[in-house]
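**Student:** When you get a sec, could you build the whole thing from the sequences and use the hints?
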Amino acid sequence: MPEQQIPHKNQPVVIIGAGHSGVAVATGLRTKGWQGRILLLDAEKETPYERPPLSKELLKAGAPNESTPLRKEKFFQDKGIERVGGLTVESIDRPGKTVLLSDGSRHAYHRLVIATGSRARALTVPGADLPGVLALRTKDDALELKRVLLPGARVAIIGAGYIGLEVAAAAAARGCEVTVLEFQDRVMSRVTSAPVSRFFENVHEQKGVRFVFGAAVTAIEGTDWAEHVVTADGARFPADVVLTGIGVIPNQEIAEAAGLHCKDGIFVDDDGRTSDPEIYATGDVTRFTSRIDGQSQRLECIQNAMSQADSVAAHITGQPTSDPEIPWFWTVQHGVRLQTAGVRHPDDDVVVRGTPSEGKFSVVYLRNGRLSAVDTVGGLSDFRPAKKLIAQAAAIDPALAADPSISLTDAALQPSL
Numbered sequence: 001m002p003e004q005q006i007p008h009k010n011q012p013v014v015i016i017g018a019g020h021s022g023v024a025v026a027t028g029l030r031t032k033g034w035q036g037r038i039l040l041l042d043a044e045k046e047t048p049y050e051r052p053p054l055s056k057e058l059l060k061a062g063a064p065n066e067s068t069p070l071r072k073e074k075f076f077q078d079k080g081i082e083r084v085g086g087l088t089v090e091s092i093d094r095p096g097k098t099v100l101l102s103d104g105s106r107h108a109y110h111r112l113v114i115a116t117g118s119r120a121r122a123l124t125v126p127g128a129d130l131p132g133v134l135a136l137r138t139k140d141d142a143l144e145l146k147r148v149l150l151p152g153a154r155v156a157i158i159g160a161g162y163i164g165l166e167v168a169a170a171a172a173a174r175g176c177e178v179t180v181l182e183f184q185d186r187v188m189s190r191v192t193s194a195p196v197s198r199f200f201e202n203v204h205e206q207k208g209v210r211f212v213f214g215a216a217v218t219a220i221e222g223t224d225w226a227e228h229v230v231t232a233d234g235a236r237f238p239a240d241v242v243l244t245g246i247g248v249i250p251n252q253e254i255a256e257a258a259g260l261h262c263k264d265g266i267f268v269d270d271d272g273r274t275s276d277p278e279i280y281a282t283g284d285v286t287r288f289t290s291r292i293d294g295q296s297q298r299l300e301c302i303q304n305a306m307s308q309a310d311s312v313a314a315h316i317t318g319q320p321t322s323d324p325e326i327p328w329f330w331t332v333q334h335g336v337r338l339q340t341a342g343v344r345h346p347d348d349d350v351v352v353r354g355t356p357s358e359g360k361f362s363v364v365y366l367r368n369g370r371l372s373a374v375d376t377v378g379g380l381s382d383f384r385p386a387k388k389l390i391a392q393a394a395a396i397d398p399a400l401a402a403d404p405s406i407s408l409t410d411a412a413l414q415p416s417l
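Reading the sequence shown from the start, the letters are residues 1 to 417 in UniProt numbering.
What the hints contain is simulated information worked out from the structure, not anything from laboratory work.
Check before you lean on any hint, since a few could be wrong.
Straight line, CA to CA, 27 Å or less: simulated DSSO-like cross-link-like pairs of lysine-lysine [what the hints assert, rightly or not]:
hint, residue 1, residue 2
1, Lys45, Lys79
2, Lys360, Lys56
3, Lys60, Lys79
Predicted, not measured: the structure shown is a model, and the values here were computed from it.
**Tutor:** In structure tokens:
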């Protein structure tokens with residue numbers, strides 16, 4: 001759409017949250033010709049930064065204590081994006097179309113975008129508030145964790161998801177004694193299948209990480225500092241550092257208080273609109289119906305946050321939105337990369353391509369005979385073709401898919417005429 005045809009292009013847009021998605025919305029609006037005020041509200045004071053390195057590169061011994069900015073401060077200035085840091089939004093006045101900030105100021109909006117992300121789920125057991133019990137979500141969290149990951153430190157990690165395992169890898173590399181306590185019977189059980197879990201368990205164990213499965217944490221003991229983690233069976237695990245990695249919860253409170261439809265996320269449509277058509281939401285805080293499989297979902301990944309941001313910016317400026325990209329995720333642990341495309345369901349059929357013991361293999365997931373997701377470990381040769389086949393809901397011959405010498409494209413069944 002030519003710039004002069006953009007409706008209301010001189011009106012103000014307020015964006016709550018300056019993570020990947022919020023910054024992308026602000027940038028996208030300017031790129032697409034929005035000329036009005038763009039106010040980017042950031043609860044943190046410093047320039048918005050990359051999140052993935054917090055549990056990886058930043059924790060390495062000798063690594064600089066600096067985060068990678070999403071955009072330099074000059075970028076915001078040059079684009080006329082007003083970034084206000086260190087303030088929170090106290091309330092949204094929907095009838096008046098204003099937001100109230102923690103400094104008492106009010107700001108009007110033509111359109112409001114909520115990109116508040118998520119926060120670490122709090123551990124709710126006795127002793128969870130002791131010094132030495134940490135979570136990892138912000139740069140300050142990462143720097144505090146880095147400070148205490150000293151050689152010989154006994155580190156207890158509660159939860160074996162991406163964050164817990166990435167920190168376990170970083171701690172082991174720094175010479176810590178690492179124990180991972182996981183309630184389920186394998187690592188990353190929410191996001192991957194048993195073959196991938198067992199492979200990564202073996203990788204960690206070879207680096208000295210100890211796993212305790214079926215562990216329900218009931219307390220953390222200590223006086224002035226955390227000293228032991230206690231589980232339901234009475235076991236006590238010594239700990240100088242305790243990291244909780246038990247998932248995240250969406251920062252939806254400001255939306256709930258404003259009467260927007262929320263349930264484990266702010267509900268949005270394909271264009272990112274909430275139950276109030278003048279308010280959008282984007283990123284980890286959103287819940288939406290997948291256009292791929294029709295499932296209601298909330299995704300915690302940068303790719304989805306960026307895709308939604310593009311849709312929101314396009315819709316606000318009256319431009320067509322692009323087709324949704326297949327969601328993808330990644331983690332690196334002890335130098336081994338796991339990359340996933342699509343969203344696996346627990347009852348999907350599992351087909352392993354290659355030999356896990358060789359350190360490079362893929363797992364494809366079939367739902368009613370069609371490719372729904374893929375995990376690639378130690379290599380990406382199957383990743384790109386799998387994304388295309390997932391988007392096509394391609395039927396796959398499982399026997400052919402199990403042969404790594406046959407490409408996934410050749411394992412796809414041609415539709416009958």
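**Student:** Checking each numbered hint in turn, tell me which of them this model violates, lowest number first.
**Tutor:** 3
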